[in-house]
Structure formats: C-alpha cells, structure tokens
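There are 2 protein chains.
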Amino acid sequence: MYTFESLRLQYKPKIPNQLKHLLGLQAKPVYCPEKIPTELKTLFPKSYNFPLIEFEFTDVKKKFPLKVGVVFSGGPAPGGNNVLAGIFDAIKKFQPNSQLIGFLDGPDGLLKRKTRNIFQEDIAQIKNLGGFDFLSTGRGKIETIEQKEVALKIVEDLSLDGLIIIGGDDSNTNAAALAEFFLEKGCKTKVIGVPKTIDGDLKNQYIEISFGFDTASKTYAHTIGSLLKDALSQKKYYFFVKLMGRSASHIALECALATHPTYTLISEEIKEEKQNLRDVVVLLSDIICHRAKENKNYGLFLIPEGSIEFFNDVQTLIREINNYPKENLTQVIKNHLSKEAKTLFEDLPQEIQKQFLLERDPHGNVQVTKIETERLILELVQKELKKRKEEGSYQGSFSPQAIFLGYEGRSAMPSNFDANYCYALGLTAALLIKHGLTGYMAGITHLNEPVEAWTPIGLPLISMMGFENRQGKEKAVIKKALVDLKGAAFDLYKEWRLKWAYEDHFQFPPPIQFFGPHEFSDQLPLTLKLDAMKTNEYRYVM
Amino acid sequence: MYTFESLRLQYKPKIPNQLKHLLGLQAKPVYCPEKIPTELKTLFPKSYNFPLIEFEFTDVKKKFPLKVGVVFSGGPAPGGNNVLAGIFDAIKKFQPNSQLIGFLDGPDGLLKRKTRNIFQEDIAQIKNLGGFDFLSTGRGKIETIEQKEVALKIVEDLSLDGLIIIGGDDSNTNAAALAEFFLEKGCKTKVIGVPKTIDGDLKNQYIEISFGFDTASKTYAHTIGSLLKDALSQKKYYFFVKLMGRSASHIALECALATHPTYTLISEEIKEEKQNLRDVVVLLSDIICHRAKENKNYGLFLIPEGSIEFFNDVQTLIREINNYPKENLTQVIKNHLSKEAKTLFEDLPQEIQKQFLLERDPHGNVQVTKIETERLILELVQKELKKRKEEGSYQGSFSPQAIFLGYEGRSAMPSNFDANYCYALGLTAALLIKHGLTGYMAGITHLNEPVEAWTPIGLPLISMMGFENRQGKEKAVIKKALVDLKGAAFDLYKEWRLKWAYEDHFQFPPPIQFFGPHEFSDQLPLTLKLDAMKTNEYRYVM
Chain A
1 MYTFESLRLQ YKPKIPNQLK HLLGLQAKPV YCPEKIPTEL KTLFPKSYNF
51 PLIEFEFTDV KKKFPLKVGV VFSGGPAPGG NNVLAGIFDA IKKFQPNSQL
101 IGFLDGPDGL LKRKTRNIFQ EDIAQIKNLG GFDFLSTGRG KIETIEQKEV
151 ALKIVEDLSL DGLIIIGGDD SNTNAAALAE FFLEKGCKTK VIGVPKTIDG
201 DLKNQYIEIS FGFDTASKTY AHTIGSLLKD ALSQKKYYFF VKLMGRSASH
251 IALECALATH PTYTLISEEI KEEKQNLRDV VVLLSDIICH RAKENKNYGL
301 FLIPEGSIEF FNDVQTLIRE INNYPKENLT QVIKNHLSKE AKTLFEDLPQ
351 EIQKQFLLER DPHGNVQVTK IETERLILEL VQKELKKRKE EGSYQGSFSP
401 QAIFLGYEGR SAMPSNFDAN YCYALGLTAA LLIKHGLTGY MAGITHLNEP
451 VEAWTPIGLP LISMMGFENR QGKEKAVIKK ALVDLKGAAF DLYKEWRLKW
501 AYEDHFQFPP PIQFFGPHEF SDQLPLTLKL DAMKTNEYRY VM
Chain B
1 MYTFESLRLQ YKPKIPNQLK HLLGLQAKPV YCPEKIPTEL KTLFPKSYNF
51 PLIEFEFTDV KKKFPLKVGV VFSGGPAPGG NNVLAGIFDA IKKFQPNSQL
101 IGFLDGPDGL LKRKTRNIFQ EDIAQIKNLG GFDFLSTGRG KIETIEQKEV
151 ALKIVEDLSL DGLIIIGGDD SNTNAAALAE FFLEKGCKTK VIGVPKTIDG
201 DLKNQYIEIS FGFDTASKTY AHTIGSLLKD ALSQKKYYFF VKLMGRSASH
251 IALECALATH PTYTLISEEI KEEKQNLRDV VVLLSDIICH RAKENKNYGL
301 FLIPEGSIEF FNDVQTLIRE INNYPKENLT QVIKNHLSKE AKTLFEDLPQ
351 EIQKQFLLER DPHGNVQVTK IETERLILEL VQKELKKRKE EGSYQGSFSP
401 QAIFLGYEGR SAMPSNFDAN YCYALGLTAA LLIKHGLTGY MAGITHLNEP
451 VEAWTPIGLP LISMMGFENR QGKEKAVIKK ALVDLKGAAF DLYKEWRLKW
501 AYEDHFQFPP PIQFFGPHEF SDQLPLTLKL DAMKTNEYRY VM
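Protein chains in written order, with UniProt numbering: chain A, 1 to 542; chain B, 1 to 542.
Derived from the structure by calculation, the hints contain no laboratory data. If you're wondering where the values come from, they're calculated on a predicted model, not measured in any experiment. Please note that a few of the clues may not be correct.
Stated by the list, open to error - If you anchor each label on the Cβ, the simulated ranges turn out as follows:
# : chain 1 : residue 1 : chain 2 : residue 2 : range
1 : A       : His290    : B       : Lys61     : 51 to 57 Å
2 : A       : Glu143    : B       : Glu391    : 35 to 41 Å
3 : A       : Glu391    : B       : Asn365    : 31 to 37 Å
4 : A       : Lys354    : B       : Glu273    : 34 to 40 Å
5 : A       : Glu143    : B       : Ser399    : 20 to 26 Å
6 : B       : Asn365    : A       : Gln395    : 25 to 31 Å
We treat Cβ as the ideally placed atom computed from N, Cα and C, and that holds for glycine.
So that you can see chain A by itself, here it is in the shape it has in the complex (with noise of 0.2 Å):
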C-alpha cells in the first residue's frame, strides 16, 4: 500500500555545509564555555573541565570503523529515527564496516542487554517517521552504581565505541556519570547524549532547542487554532486546554505566541508571584466577566500540565498531604491541615480532592501530574461565575468544555525541522565519537539561520550541570531551563496578553505541512526566532 509515510521516507534531510564532508572534519576544542562549580570538580574529576568542540575542515581523511550502541530514554518526541539515520550514515562513511547496535525498551532493556543490529534497510523504513517504536523507550534509569556496573559490562562486552543516550534533562545528568565512571575504570566506550525532549527544558546558550518541540508544540497549535475558529463559530464555549510539557511552560508559551488565545498561565509567573490558584481563578473570571459585557462567552484558555504545582496553596496543601500516610485522611483532614490548606481542599470538586488523596508516586508524594488541571480550573471558575451571576455581576453564558492535549504530540510525525535538526543531530553524535570524545552532548547552532550555516558543536555535559534538591538531598543535575521571564518570548507575550484577553486576536496555524512554500514547512519555533533576536527587534515581530 502506498502510504504517506512511504512517501515521507523518501524525503532527504538537508545538511547543513559543515557536515556534509565529515570525513575531513576535525575537532577544534575552543574554551571551557562555564564556570564549573568546585563540588562539580570533585564529583567529576575525569570530565570536569572538558572544552567546548567544534569543528573546522582538514585535509586529513581518516577512515576507520565504529561500533556504536544508542538509546532511547524517556518518552517519545518526534525525530527520533532520523538521529539514528545520521549516526547511522556518519559510521558508514567513516567506515562501511562500522556497525550500529539499538538497545530496545529504554535504559532497562540496556541493562538486560536486549539489542537490535540496525541496518541499511532499517533505517530506509523509518526515517522522517515519528515514533520510538522502532526501539521502544522506556522510563528506566541507569543511575546507581550496580547499574553502571552492568552498562559497563555489556559495553566493554559489545566492545561499543560509543554509546549515544537520547533523552531529556535526567537521562543526559545520567549520561555525564556515566561517562564518568567509564573513564575511571578505563572503559573505551564514549558516552554522547542527545537533547529531547517535546517540553522543551532542555536548552541553553548552546543548545538552542531541544528536538521534538517544533513538532509537538506545533500539533498543539494546529489543534488549538482549531478550537478557537470553532469558538468564534458559535460563540458559545469557552475551552480550557491543557498542555503537555512537564513543569516548563514552554509549549504552552510557544503555543501562546503561535494562536493568540484568550489567556495563557504560565507556570513560572504563577511561582514567581507567589500566585494562589485562587488568584487565578479570580483572574479568568475576571475576563469572561469582562468579555460578557460584550456579548462574547466565548474563549480559550492555556493551561500548562506543570502548573497545578506552582500555586502558592496548592504546595502547602500538598506539602501538607504529603506529611501524612494515605489511609485515614478524612480524619487528617478534618484534625490536622492548616486553616488555608483546609480551605483550599474544601473549595475543590470532589473527584479532584480524590485525585489528591488517592494517587501517590513511589516515594508516598501526591502525584500532581495525575491532577486534572484543566477540569480542576475550569470547575472553580464555574462555582465563582455561578456566585457572580446570583450576586448580579455576571449575565453572560457560559458553557465550558475541558481538552487535555498531549500523547498525539509526542509521536506525530516529525516537521521539516525536526527531521533536518535530528538528521545533524545524529551526524554529530557520530563525529564526537570519532574524534574520542565522551561526557559530551551533540548540538547544533545558528538554528535560526538556514540549514546550510548550522553548526555542529559538541558541549560538555558538565557545563549544563548545577545542584538540585531532590528528595531532601542536594543533586548534581543538569538544570531544568524554565521559561526566561526576563526573556524576549515571555516579554511580548505579557505584553499582548490582556489585548488579546479581551479583544479577539486568535491566529490560525495549519496542520504540519510538508510541502509548499519553505516559509511554512520549514518555519522554526516561534519562541526560538525570538530568543535569537536582540531585544529591539522582536518588539516588531508581532
């Protein structure tokens, strides 16, 4: 059956210029690109003070085989396959011989030494495809030191070159220990990790974007550009859309910019402020009070999955849970919380206060992530029109309806971009590997200039590394890159935002093209362009 996808693996990447003679390509180390705390120092002796790479033309070509084993980590985000097309092109052409080892089913399929030998023709029937089915992922983590002993093992035993670790913020501060340890105990294998992530709170000044966020943040736009032409169709509902994205509120922000919504929380304002989910809730009623008067009871708001968790109250509350077993909590209830957290727990829908008693993680915490925010808030406001509409300060309609998008982004069908960028990004995954590199992250920069001028770098894992309290214990981690407050994406949006709270300034984004004019199919993140450009700039952009 001729199908789309055949069609699409058709496609070829583009290449940006500095990769397309890897053979002549040399490492250039250029300077160490941050201060590395001491503790750092201490806890990485072998790889503290790696340099930052690029890379410069030569005329040496040296041809050699590599043996290479790669892993997906963590949940899917698309382009996934076309970074094991460009490690998978960068072997061969180092060396036909060169082989490429997939672990299957994430860091525990590793651990359990579960492989796949990937092929020429393997590789033909996935790319520009979305999905990490062909390997599978999984959530597994290889973390304590049994555990880097068994990767050890299984390296040395495979006798891999390199290991190439795909995956987000934890899976990369992972990939650097274990990078590590293999230089402590000798091991040849290099460690090289990848930035994905749809949620996008894997960057920094070196890694621009993390792959897989232009798609997802996409697909979401698409969707919700959608739901606002049907709101303004029928002027009827008001829709409250939940975002996927983790604590970071970068899609949401990305989406924000990309539709022009109603109104759009963003979680790292919420912390910031000190914002009660009262407040907001006072907020969004508030607009569709003020839209009411005229005669729009129509809207759509942005709610980021993270955000249940910033709220000034609801950590209290939470942390107040938290301090007690999850039996007999209608009496802890009743006995034990704060005068606020009692407040707030009564206030709330009862299959929401459920949600907050009942799911609890592994280490007896309230599972926020299993809260559902979008009806969460969406009922609140409905209680506080309801009080508004019988003290008569509200006549409007109002009919809501709760949407959670989310798993139909990570898997879609990778963009132009993410296709380009992960193609690169595998290239030189590859390269660091060549040139004996470990403890690296491939990237590429000058993403907003066109592919041709990309640059391939290699940035030390190290340098993205601060401390973290995790469970009470400081944590050496690659940091969590929340939204900039101070930066250009959030400045314009908060500068828009009430016009478009209550005027209607809704934009329309298309479904993922892939063809047609370049300026569409091959339009980078919003919020990306912005964050390249000098602050005069982006004040025009919108």
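Let chain A serve as the given structure and place chain B on it in line with the hints.
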C-alpha cells in the same frame, strides 16, 4: 503578517467541467427519483412531485441579477466559506448587480433580520478557510408556523430571489417545509439546501457525502494515528478515544479504515445486535487479555459519541429514568427501577451516575450527549480487568487514557477536497435558484472521479424524506443516514477487525496536506471510495 491563512486564500478551487460555463447551463428535469409516500403528498401538495434536476449546455445565455440570502444552520463544518464563495461567484456571473446577503447567527438571526451584505472583499478574506465565524451560526430553527410567517415577511421585504440554507438533516427538513410554505403563499423566494455536517449522516444515492466530513475525519484520523504511534513507542497506554458524530458512526468507521486501531465500536451494529454495555466491556476486556498474553499492554479503542444511547441495557435505564422527574432520583433508583436497570446503574462509576441523573434536555430527557462514554467504558473495563486479575485470568498492566476528539475537526481549515466540493455546491445552489427551482438540495455526483467529471444536480428535498417518531409523534423528516451494515465500508471493517485487534496493523495518516503529491493532498474519504466500488473490487483495497 503573512500567515498560512493568507497563503490559503490564494488557493483556487478546482471547478467541474460542467460548472465552468455557468451562463450556458440549462436545468434538465430527469425523473422523480423516489416513490413518494402518500402522506408526504398531503403534507407537501406543492412540492411533492418535483423531478431530479441535471444540467445541460445550450447556446442560450440568459443574464439577469439575483438577490440571494444565505444562512448557516447548526454546528460548524469545514468548507462553509467556500459555499458562500461559490454562490457569490455564480450570481455575479449571472449579472454583476446580483447581491448576496448573509443572515448572521443562524436561523435565529434570520428571524431577527440580522443581515450583512457580502462583497467581493469579504469573499477574498474567507475563501478556503475554516469556521463559520464570518456569519456565525446557531442551533435555532424555523419550524413553527409563526416562525415561517416571520421568515416570509423578511424574505419578501428583502425581495430575495432565493434563500440558501446550509445545514444538516433537521435544517434541510425545515428548508423543505419552508419551500412548501413559500409556494403556498405565492412568495417568489426559492429555498435551496446545502448538505453540511461533519457527522456524514446526510447522504443517499445522490448526495454521496455531506461537506466537512472529509476534513473532520482526516483531522481525527491523523490524531488517532499519532496516538497509535505513541502506544507502540512506549508500549504502555490504552487510549479510549471518543469521536464526535452524533448518533451515526460514519466518522468512527472512516477513522477505523484509515488507522486500523485495536477495536472500533459501531453504534448501528450495537443496535442491530441488541448489545448491552456489559457485552462491549467484556469484548474489550477479552481483547486486552488476549493481547496481554503476547505482552502487548497497549492499544486504542474508538468509541462513537452516540454509542451510549444504543446499548440495550442503557436504553432501558434511560427510559426508566426519563419516567421520573430529576428530583428525588435517589429514592426512585432504590424503589422504582427494574432489576436490570438498577444493576446497570449501580455498576456505573459515580461521576457517570451523576451525568445520568442531573443532565436533562428541555424535554426532561437524560442528555446522552453529555455522558462521557469514553470514561464510562474505560472505568468499566478497568473494573472488569481488576476482577480478572484477582481471579488470575489476567496478568497484564493497564494504563488507560480517555480522549475526546471533536470541536477541533468542525472548524479546521478545509481539505482541498472540501474546498473544491463546497465551491461546486455553492455554484450549484445558485444555478438552482437561477432556474427558479425551490425545495431542492444542491448536490454534486461522481465525487469519486476527478473534479473535472463532477456533476451538479438538484435533488428534491421531499425525495429524501420519510416518517420518524419524534417525541411520540410521527414526523416527516429527512432521514438520517446511518452506517449501512450491509455496505462495503462496514463489511471490509468487519472482515479485518479481529486481525486488527490481535495483531497490530496500525496506520498513521498525515496531517491534512494542502500541497505535495495529488494522491495525498486531494484524497477522498475512504468510505466514499468504498461505497462507489462494486462488491468484488473493494475486497482488494486494504
């Protein structure tokens, strides 16, 4: 700002050859397509014996101006703007002084004489874009004699030559009655219907599909494909996806054929086989258990929005509950429900029980569309699996997710197919008015052939009518087309579904493409293709 919408405005809908030379076309009565029941003759003495209309070329080119009114009726569907564009371009070709007047906010707006003159500049801003926001729509009706009198006065005041009603089965039923009424009153205004509904339930041998169905089902099928890819990638989730589409399961069947999910409920079959909710819960649980044995703890079920009202046991429960006012229902359930109904009710999750008890429509009936069927079935399956696990007959893991796909499909940017189809429908509607025809639906046949060969027709609205029991009364209505359980599309699905349930045959349709290879950017709905095939052909399609 140069948006994708501005690009899309430049798309020129393809025009059927027969509609390329509008001025020379003459209406040609063919024959009365259906035997009309005597009762309809009594109800529609003026219009019961209208013939089917085709068009033929002549040398006569009559030019005269038309004044036409147009109204959207009911929920939005992609392509509505192109119907307006077609009408506009046609009447301007008939004579440049022709006028198009839009009624705002649906039939209610017509009755309130809320109008807007439509100009070339308007059409240039809305062509090929989704949504009914240009005129807005509403669920009002023109049904009672008083309403018809008001409508009559307004179309006479405005001196309209024609009134075009863009709507579904109910709206076109009312269009037929309005046409008859205008004839009785000697009013010159011709009433023409245009078949609009994403649900796909307005079709017959002449109306091959309603507009909007293609875009909506492609929008959903793309999302479903991405969810299937996600299910495969992490091998962890079962998605329970409810699809918009009211009583009929056309959208579910179309999406099933496009994506080959684990299993798809078809309401018409549930009804035909007198299945209980319990039967379906057992069936889905059996599939899950079977797959778990092969370590496949993931999958996706499609659930048509309307399925809930077709389960035999749910029908009994609803019927019994409808007998009592919503006050004191707890008592009713204890004391008055039959054993069967009571058992079912007590088996339901608490939230769903509430939905059965609390939501009533204006006639006091349980509002089945408000029941979250996807969550209901999910929770009952979860309960069943828990029981089986305790009994030892099931060892799998079960992580379910409930998802509803609906509003985003109704107002999406129309596919090339819907853009072309709607434009041709608009041209045809105007032609019918030009030829003094009333009580007709504008139609295009031969949709399965290239656009050039599409053929405009006028189908007498009466020929689509039959009698249905509505709130205890026999009423003449345009029959809702349900999924034909003897048709090619269902037959094919039935043949494959167990294979799809146990093995994985997932398909991953792309987001709607407006550019690129013709076979993808201009693809027809699969059910339309299948229905056009002869029995022997369609078995070789999949």
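Against the structure, the hints come out as follows:
1. A beta carbon spacing of about 56 Å between histidine 290 of chain A and lysine 61 of chain B agrees with the range 51 to 57 Å that was offered as a hint.
2. The given range of 35 to 41 Å is respected by glutamate 143 of chain A and glutamate 391 of chain B, whose C-beta atoms sit roughly 37 Å from each other.
3. Separation of glutamate 391 of chain A from asparagine 365 of chain B is about 32 Å and conforms to the stated range, judged on CB atoms against 31 to 37 Å.
4. Checked against the given bound of 34 to 40 Å, the beta carbons of lysine 354 of chain A and glutamate 273 of chain B, roughly 36 Å apart, stay inside it.
5. A hinted range of 20 to 26 Å for the beta carbons of glutamate 143 of chain A and serine 399 of chain B is consistent with their spacing of about 23 Å.
6. Checking the proposed 25 to 31 Å range against asparagine 365 of chain B and glutamine 395 of chain A shows it holds: the Cβ atoms sit about 28 Å from each other.
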